[in-house]
Amino acid sequence: MMKLSEANIGSRCKIIKIDVDKYVKTRLEIIGLTEGVTVKLVRRAPLGDPIEINLRGFYLAIRNSDADKIQVESL
Amino acid sequence: VNDTIALIGNPNCGKTTLFNTLTGTYRKTGNWTGVTTESKDGLYKKDKRIKITDLPGLYSLNTKSDDEMAVLKYLKQTPPKAVINVLDGTNLERNLYLTLELVSLNLPTVIAVNMYDELLNNGIKLNVKKLSELFNVPVVPISALKGLNVDKLISVAMRITEPLKLPNNGSKQTIGNGYAIIESFIGEVLTKTTTRAERFTLKADAYLTHKYLGVPIFFLITALTYFLSMKIGGAIGEVIEKGFIVISKALEKSLIDKGAPTWMISLSCGAILKGIGTVTAFLPQILVLFICMAIIEQSGYAARIAFILDRFFRSFGLSGKSFIPMIVSCGCTVTGLMATRTIENKNERRMTVFLAPFMPCGAKTAVFGWFSYEFFGGSALVAASMYFLALISVAIFGSILKKFKAFKTNDGYFILEMPTLRTPSIKDVISTLVEKVKDFIFKVGSIVILVSAALWLLENFGFNGYTHGRTEDSFLFCIGNAVKFVFYPLGFGNWQASVSVLTGIFAKEAVVETICQVSAYPQTLFYNKFSAYAFMAFVLLSPPCIAAISTAKTELASKKWLLCMLMFQFLAGYSVAFIINAVGILLNNVIGLILLLILGIIASSIKFVIKTKGKCVSCRACSRGEKCQNAKRFTT
Chain A
1 MMKLSEANIG
11 SRCKIIKIDV
21 DKYVKTRLEI
31 IGLTEGVTVK
41 LVRRAPLGDP
51 IEINLRGFYL
61 AIRNSDADKI
71 QVESL
Chain B
1001 VNDTIALIGN
1011 PNCGKTTLFN
1021 TLTGTYRKTG
1031 NWTGVTTESK
1041 DGLYKKDKRI
1051 KITDLPGLYS
1061 LNTKSDDEMA
1071 VLKYLKQTPP
1081 KAVINVLDGT
1091 NLERNLYLTL
1101 ELVSLNLPTV
1111 IAVNMYDELL
1121 NNGIKLNVKK
1131 LSELFNVPVV
1141 PISALKGLNV
1151 DKLISVAMRI
1161 TEPLKLPNNG
1171 SKQTIGNGYA
1181 IIESFIGEVL
1191 TKTTTRAERF
1201 TLKADAYLTH
1211 KYLGVPIFFL
1221 ITALTYFLSM
1231 KIGGAIGEVI
1241 EKGFIVISKA
1251 LEKSLIDKGA
1261 PTWMISLSCG
1271 AILKGIGTVT
1281 AFLPQILVLF
1291 ICMAIIEQSG
1301 YAARIAFILD
1311 RFFRSFGLSG
1321 KSFIPMIVSC
1331 GCTVTGLMAT
1341 RTIENKNERR
1351 MTVFLAPFMP
1361 CGAKTAVFGW
1371 FSYEFFGGSA
1381 LVAASMYFLA
1391 LISVAIFGSI
1401 LKKFKAFKTN
1411 DGYFILEMPT
1421 LRTPSIKDVI
1431 STLVEKVKDF
1441 IFKVGSIVIL
1451 VSAALWLLEN
1461 FGFNGYTHGR
1471 TEDSFLFCIG
1481 NAVKFVFYPL
1491 GFGNWQASVS
1501 VLTGIFAKEA
1511 VVETICQVSA
1521 YPQTLFYNKF
1531 SAYAFMAFVL
1541 LSPPCIAAIS
1551 TAKTELASKK
1561 WLLCMLMFQF
1571 LAGYSVAFII
1581 NAVGILLNNV
1591 IGLILLLILG
1601 IIASSIKFVI
1611 KTKGKCVSCR
1621 ACSRGEKCQN
1631 AKRFTT
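In order, the protein sequences belong to chains A and B. Mapping of the first sequence onto the working numbering: residues 1 to 75, in sequence order. Mapping of the second sequence onto the working numbering: residues 1001 to 1636, in sequence order.
These are calculated hints, taken from the structure and not from any lab test. Some clues are possibly wrong.
As a list, the in silico DSS-like pairs of lysine-lysine whose alpha-carbon atoms are at most 25 Å apart [unchecked claim]:
no. : chain 1 : residue 1 : chain 2 : residue 2
1   : B       : 1172      : A       : 17
2   : A       : 69        : B       : 1076
3   : B       : 1408      : A       : 22
Predicted model only: the values in this text are computed from it and were never measured.
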């Protein structure tokens, strides 16, 4: 178990637990970032934040502060 | 109109492109989230009895956000005959989630899988029959851009009566369950391989958002935009200006030959025709800027800008999301302000409405173009520098606004879809241009002619009637002189420049129009480059035109906040112009230097007072101290 924000660029991992507040969690879930989905960390922005992830066939940018609260399992 | 068909789907799935194809209109499109923020009706061009409604893009119907509630309210109050659920075929898994939620609407629905041409080109197989069986509704694969199957889609939509059904008898209690239903069948519906466009995007993004190259590329693209606008647009503009001079002379001659009175010649040639000519000369420049902006938006690069700059803007209390309206504002502030609707956080939205008008819109760029030709030898860098001055001002004034409770935002929440990069469609770029030209003709036909005529009246008449060419007796002279004292500290305290600033309220193009009309030698109005630059900065940052102000009023939904915004923008423009002019004076004499030093001391002491007032020990971002939720995070 580790944080999504700590994953290596290019690595795949499975979302275990999303521990952000309920509103943000719903926002993440409806766009497809649900517990159990496999994501790939694509890149970090030039200033280190936000990060871009690949899931369900599309690309999504989220902030480190949110990714910090997402527990993942490396695949 | 007999029947209504509503288009509903995720953001950036191509609803508006479909709407434009169906209705033959030119609604603004873009390759990123949230370009459409208001529902719009249009008539199907092949059968005017059918009304098509384009709804804002949604990811869900059940999270009770403002835009979702608006769509739900609309569907409840005026239930359409049928709903077309538009899906992006290249992003089907995510797009189908909304389809699951549409089941609860219980409205007759047809599913349209958009970008079918791209699926075909990449050898991706879509099982239309299977998808249709799963949801118990017809499925039509379409290409909104190329017009493939769109008429078939409408004829299918007009016949259907069946609502959607949940596939596989599943139950959708949680969002996770919903996605599990989709996962259970997606493999049978679509063979998933990456498309060529996706592979290209991955490669291009490696440079566009590169750790070291990303930011320089952004600066380069911006500078290039203004360079093209100034050079190409400027060159065509010069030809137009010369053309107008020829027309004006010919008209003047024929009027004299016919024995027309002097006032008539001066009004028609000296005022109205000259005004139209001055403003029309900017049209090519504005159009080139709009082409560049359309390419940036429709290629999907705009989302990359938000991605690159999010970290930078966050330190000023803004997110990449509020940067989207700012990029749009570079075309037109009105559309930029409308784009603030995608920001969910009310405080952040308010802040964006306050700050987005700083960005140089097409009309302001025209003013800067004129100034850079008159004072800076036609340098495109001067025009581009205004863009960066706007960014810096957003940063500085954003961090000032952040100190106030009404603008404080929760840190951290930012979700932005990164769209696949696409070649901008020529049709869409042209349609943007057509809209802009129409807009411009309307502006010239109404505001510019009115302003010219009004200026002429005010310039030629005074308290003693007709001035016989003595400007000192005119109303305009009185008005300008009454307000010019305000602008003394900014370096352009003369009546001509003051009047120009005032007419800028109607339309920013009118600023240059006025300067040219009231002064034969505009260069003499500014004593050096600094005061000219200060004037440009004031035009950039001071309150926008009347159209943008009324949009801001709608977005803020409060007269009090609108007043605050106007005062804030005036003060922002005033202080920045003051500083620029002061630097100019400083470089010229000693008294200025001392004055500036004193001001610097005052400013830094104010900053010191603000900084040391009750800050949280742990993160210094707020005044809640130990009670702050984030305190723990920062102390560990």
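Practice prompt. Would you mind confirming whether the straight-line C-alpha gap from residue 1172 of chain B to residue 17 of chain A stays at or under 25 Å?
Written response: 20 Å, holds
Worksheet item: Has the given pair, residue 1408 of chain B with residue 22 of chain A, been kept, meaning a C-alpha gap of at most 25 Å?
Response: 20 Å, holds
Fill in: Given hint residue 1076 of chain B paired with residue 69 of chain A - CA-CA distance at most 25 Å
38 Å, violated
In this structure, only the earlier hint numbered 2 is contradicted, and the remaining ones agree with it.
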